[in-house]
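There are 2 protein chains.
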Amino acid sequence: MTQQKMFNLEQSPLLTDLYELTMLQTYYEHGMTGESVFELFMRKTPNRHFFVAAGMETAADWLENLQFKPHELDWMKQTGLFSQAFIDQMATFRFTGDMNAISEGEIAFPEEPLIQIIAPLPEAQFIESRLMNIIHYQTLIASKAARCQLAAQGTPIVDFGMRRAHGGEAGLWAARSCYLAGFTSTATCLGSARYNIPPAGTMAHAFILAHDNEDQAFERFARSHPDNVVLLIDTYNVERGARRVVELAPRLAADGITIHGVRIDSGNLAANARKARQILDAGGLTDTRIIVSGGLDEHRIAELIADGAPIDGIGVGSNVDTSADAPFLDSAYKLHYFNGKPRGKHAEGKTDLPGQKQIFRRKNAHGYLEEDLIALSHEIHDGEALIAPLMRNGKVIPEHSTELTLDAARNRCATAIQGLPKFLQTLKSQSTVYPVKLSGELQKMQAELKERATAD
Amino acid sequence: MTQQKMFNLEQSPLLTDLYELTMLQTYYEHGMTGESVFELFMRKTPNRHFFVAAGMETAADWLENLQFKPHELDWMKQTGLFSQAFIDQMATFRFTGDMNAISEGEIAFPEEPLIQIIAPLPEAQFIESRLMNIIHYQTLIASKAARCQLAAQGTPIVDFGMRRAHGGEAGLWAARSCYLAGFTSTATCLGSARYNIPPAGTMAHAFILAHDNEDQAFERFARSHPDNVVLLIDTYNVERGARRVVELAPRLAADGITIHGVRIDSGNLAANARKARQILDAGGLTDTRIIVSGGLDEHRIAELIADGAPIDGIGVGSNVDTSADAPFLDSAYKLHYFNGKPRGKHAEGKTDLPGQKQIFRRKNAHGYLEEDLIALSHEIHDGEALIAPLMRNGKVIPEHSTELTLDAARNRCATAIQGLPKFLQTLKSQSTVYPVKLSGELQKMQAELKERATAD
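Residue numbers (our numbering), protein chains in the order written: chain V, 7 to 462; chain Z, 7 to 462.
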């Protein structure tokens with residue numbers, strides 16, 4: 007397995023699709039190294055009214071450090087698929103291009119470029135697979151988590167989902183994307199360690215089961231973690247669990263220890279929370295918080311809130327970290343400009359939006375989003391231009407590096423969500439769609455592309 | 007970002023849930039280090055008749071190398087959540103226990119332990135989150151891919167899904183899990199490099215769009231990759247693309263270059279494949295293979311095959327790498343034995359299967375699976391015992407290390423799928439369920455647990 011570990015998962019350029027390399031060999035052979043513009047965007051996705059743009063920090067970091075190591079070049083050689091001239095070329099391959107992007111945490115809609123890469127064709131082409139892998143998942147999860155935030159109406163949410171996230175990187179990125187969208191903390195230690203997200207967590211059912219009785223488990227935990235006492239009360243019976251908490255509280259209080267909360271992880275959460283609240287209140291533990299978890303998503307959160315269940319905190323896991331109702335978005339990374347010409351696919355009646363673009367966002371007098379206009383990047387229109395420079399010549403622009411922090415993205419997201427028109431702040435499917443218009447120039451270019459493609 | 011990269015994603019013990027650490031501190035404080043048995047299993051999952059056990063190699067490798075590095079201990083300290091005595095304890099923490107498992111690639115059913123950990127309680131507890139993260143996803147994808155294999159009835163399948171897999175590790179593991187289940191190759195270079203899976207791939211639409219016309223794109227690619235000529239013919243119009251392939255073929259043949267295949271990635275794939283086949287055949291290219299891709303899953307593959315579409319290869323992506331119809335399984339890792347006593351959760355009418363268990367699989371005279379029996383591990387029954395030792399005292403048992411190779415798992419999976427009863431080889435939901443019975447002793451232990459839990 008030593009050989010396997012030579013390849014660093016997070017940084018290896020071999021985390022790509024083979025066709026990126028086969029295409030590159032041909033591009034280099036024919037000197038096709040002129041400037042190209044690729045755009046990464048999402049097509050329409052069921053169950054989502056909007057996207058939260060995410061992954062820009064990871065993408066920029068990856069692009070800055072992209073290079074082939076000797077054992078990676080060796081692999082290319084071993085495949086027998088590439089010329090030595092091309093392998094030599096890849097030894098010095100770097101990303102030297104520009105990246106423009108919607109700011110991380112900002113709201114985006116279908117067809118709007120999230121990322122724009124302006125670079126020599128082989129560079130812009132090569133980065134496709136991993137760039138998509140980074141932006142797609144983080145945007146997917148930030149968008150899902152934002153729906154949970156809207157549903158929770160201010161009740162704090164914690165991400166518990168690492169175990170069933172799809173691999174470790176997903177667990178890590180889910181922690182970041184959920185926090186970006188407004189969650190208060192993560193159970194994933196590495197998420198906390200890497201991104202400075204507050205960590206959260208206390209005990210599993212196994213902890214209770216490993217003790218001969220529930221009382222003992224509760225008391226031992228509380229004395230071991232006097233500042234972080236949240237007790238899991240549903241291993242056997244929620245009401246009995248709550249009564250044991252009430253019995254234990256005075257003994258702990260005598261030693262200055264407060265029971266901060268209880269967690270309920272199964273059954274009818276609203277009913278169980280009510281029963282527990284009643285018992286805790288009757289026992290004088292009116293400040294002890296009730297945290298619920300277990301199979302929650304935005305719809306179940308909305309039900310709990312609508313039901314007025316006495317819930318002070320929410321843990322979400324698999325449904326959010328896998329975006330279970332829409333486990334992937336219809337993401338695309340397309341060549342829209344090369345060698346002085348707009349480009350785009352036209353087939354089966356669908357025509358891409360060609361050219362390098364800009365998004366102009368217009369807000370009403372109350373600060374709510376009113377309309378987006380997608381135009382060509384040289385056009386000037388009213389509204390805030392959303393796509394801004396982030397990297398130049400392969401490096402993050404120093405003045406923009408602070409905008410890439412998670413805290414900046416999280417603040418931006420909170421503001422952006424508040425600015426959503428009310429019909430986008432609900433979970434229900436809508437007949438009204440947020441208006442994203444195309445400029446006259448862009449429509450003209452699209453029509454010309456269609457004509458050219460049909461004639462070709 | 008330097009600080010961030012200190013934490014190795016694949017190996018960091020901080021890729022865990024915080025509660026594993028909080029629980030451990032209490033276990034150590036109270037000397038709760040006796041032998042425990044945890045079992046990892048899947049509960050019933052909609053849309054799946056069976057699971058393909060996967061992830062054992064990754065899990066064993068991770069367990070063998072599990073240890074805290076100084077900066078990881080520093081993080082623990084910085085949180086302020088842990089005692090110095092506990093942090094010191096974790097500095098020497100290793101996994102020293104045993105792991106038994108169903109062999110990778112074998113078929114498994116709900117409630118059957120895939121992995122059994124026998125170790126001091128803190129060790130067995132600590133590994134929960136990442137062990138689940140490893141086994142859950144790889145089993146999820148191997149199970150999904152096996153359904154595609156059944157649907158494809160021998161037509162080769164390639165995994166294209168990395169870009170929309172959930173992070174890089176998912177893309178990498180999907181490559182492995184799909185190959186394990188019978189796919190022939192992967193587009194993911196790192197999957198190929200790490201696991202010796204044949205790589206596959208040629209060109210994207212961007213390659214065609216970067217040229218001024220399709221002919222030129224085809225010819226340049228073919229001459230650049232004379233041994234790997236598969237041309238993407240649907241950028242503008244499939245029929246015109248196919249005719250261009252026919253026109254190009256003699257020019258290439260004059261230089262000894264064969265067009266191995268064409269790929270169609272959009273539209274009505276069956277109809278497009280038929281049109282292309284007709285044009286290729288009429289042009290004498292009867293050996294040129296047709297590969298289709300674009301939004302495929304096992305159901306769409308089954309339709310294409312039932313339709314008799316002339317398809318020689320299939321590319322699958324997002325639907326498989328995210329297991330889109332069931333993006334997570336109801337996986338569990340539960341304490342079933344500790345300090346000489348069977349353990350298990352009993353709440354809301356559900357009682358775990360306690361105790362350390364074994365699965366006995368019975369086959370009929372034709373080699374088809376007939377019935378599984380879950381029993382306690384000391385029981386002796388007819389049938390093949392599926393749970394076998396894999397690690398002892400924290401190390402893979404040398405004689406078993408060859409069983410952990412991907413090729414061994416792939417062969418095992420192919421045999422296992424052939425041995426599935428016919429009603430499990432279809433995609434449709436079934437009223438008949440594969441019989442998984444519980445031994446009398448296990449039922450008795452479960453009843454006692456229920457009684458004890460209710461009385462407690």
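Hints may contain errors.
[To be verified] What follows is a list of derived Cβ distance ranges for each label pair:
no., chain 1, residue 1, chain 2, residue 2, range
1, Z, 264, V, 441, 47 to 55 Å
2, V, 446, Z, 202, 51 to 59 Å
3, Z, 420, V, 433, 30 to 38 Å
4, V, 368, Z, 420, 56 to 64 Å
5, V, 427, Z, 301, 29 to 37 Å
6, V, 41, Z, 417, 47 to 55 Å
7, Z, 233, V, 94, 16 to 24 Å
8, Z, 414, V, 94, 19 to 27 Å
9, Z, 356, V, 49, 48 to 56 Å
10, V, 284, Z, 442, 56 to 64 Å
11, Z, 436, V, 86, 25 to 33 Å
12, Z, 219, V, 441, 32 to 40 Å
13, Z, 438, V, 314, 38 to 46 Å
14, Z, 401, V, 71, 28 to 36 Å
[To be verified] Far from chain Z by the CB rule (all over 12 Å, computed), these chain V residues:
no., residue
15, 98
16, 192
17, 198
18, 204
19, 206
20, 231
21, 312
22, 349
23, 353
24, 432
25, 435
26, 450
27, 451
28, 453
Source of the hints: derived by calculation from the structure; they are not laboratory data. For clarity, every value in this text was computed on a predicted model and none was experimentally measured. Just so it is clear, CB atoms sit at the ideal spot from N, CA and C, and this is done for glycine as well.
- Task: Taking the shortest Cβ-to-Cβ distance between residue 192 of chain V and chain Z, state whether it exceeds 12 Å.
- Result: violated, 8 Å
- Does the no-contact call for residue 98 of chain V survive, Cβ to all of chain Z over 12 Å? Fine: 19 Å to the nearest Cβ keeps residue 98 of chain V off the interface.
- Task: Over 12 Å to the closest beta carbon of chain Z is the bar; see if residue 204 of chain V clears it.
- Result: violated, 9 Å
- Lying within 30 to 38 Å: is that true of the beta-carbon distance residue 420 of chain Z to residue 433 of chain V? violated, 44 Å
- Is the nearest CB of chain Z more than 12 Å from the CB of residue 206 of chain V? Per Cβ check, residue 206 of chain V is inside 12 Å of chain Z; nearest 6 Å; violated.
- Query: Are all beta-carbon distances from residue 453 of chain V to chain Z longer than 12 Å?
  - Reply: holds, 16 Å
- Report holds if the minimum CB distance from residue 231 of chain V to chain Z is greater than 12 Å, and violated otherwise. The claim breaks: residue 231 of chain V does not keep its Cβ more than 12 Å from every Cβ of chain Z (closest is about 6 Å).
- Task: Report holds if the minimum CB distance from residue 432 of chain V to chain Z is greater than 12 Å, and violated otherwise.
- Result: At roughly 24 Å from the nearest Cβ of chain Z, residue 432 of chain V sits farther out than 12 Å, so the non-interface label holds.
- Does the hinted range 38 to 46 Å hold for residue 438 of chain Z and residue 314 of chain V at CB? Because 44 Å falls inside the window, the suggested range holds.
- Is it the case that residue 450 of chain V keeps its Cβ farther than 12 Å from each residue Cβ in chain Z? Consistent with the label, residue 450 of chain V stays out of reach of chain Z, its closest Cβ about 19 Å off (over 12 Å).
- Message: Just to be sure I understand the hint, the distance between the Cβ atoms of residue 401 of chain Z and residue 71 of chain V should be within 28 to 36 Å; is that true here?
- Response: Once the Cβ atoms are compared, 35 Å apart, the range 28 to 36 Å for residue 71 of chain V and residue 401 of chain Z holds.
- Message: Just to be sure I understand the hint, the distance between the Cβ atoms of residue 233 of chain Z and residue 94 of chain V should be within 16 to 24 Å; is that true here?
- Response: holds, 20 Å
Hints 3, 8, 9, 10, 11, 16, 17, 18, 19, 20, 22 and 23 from the earlier list are contradicted by this structure; the remaining hints agree with it.
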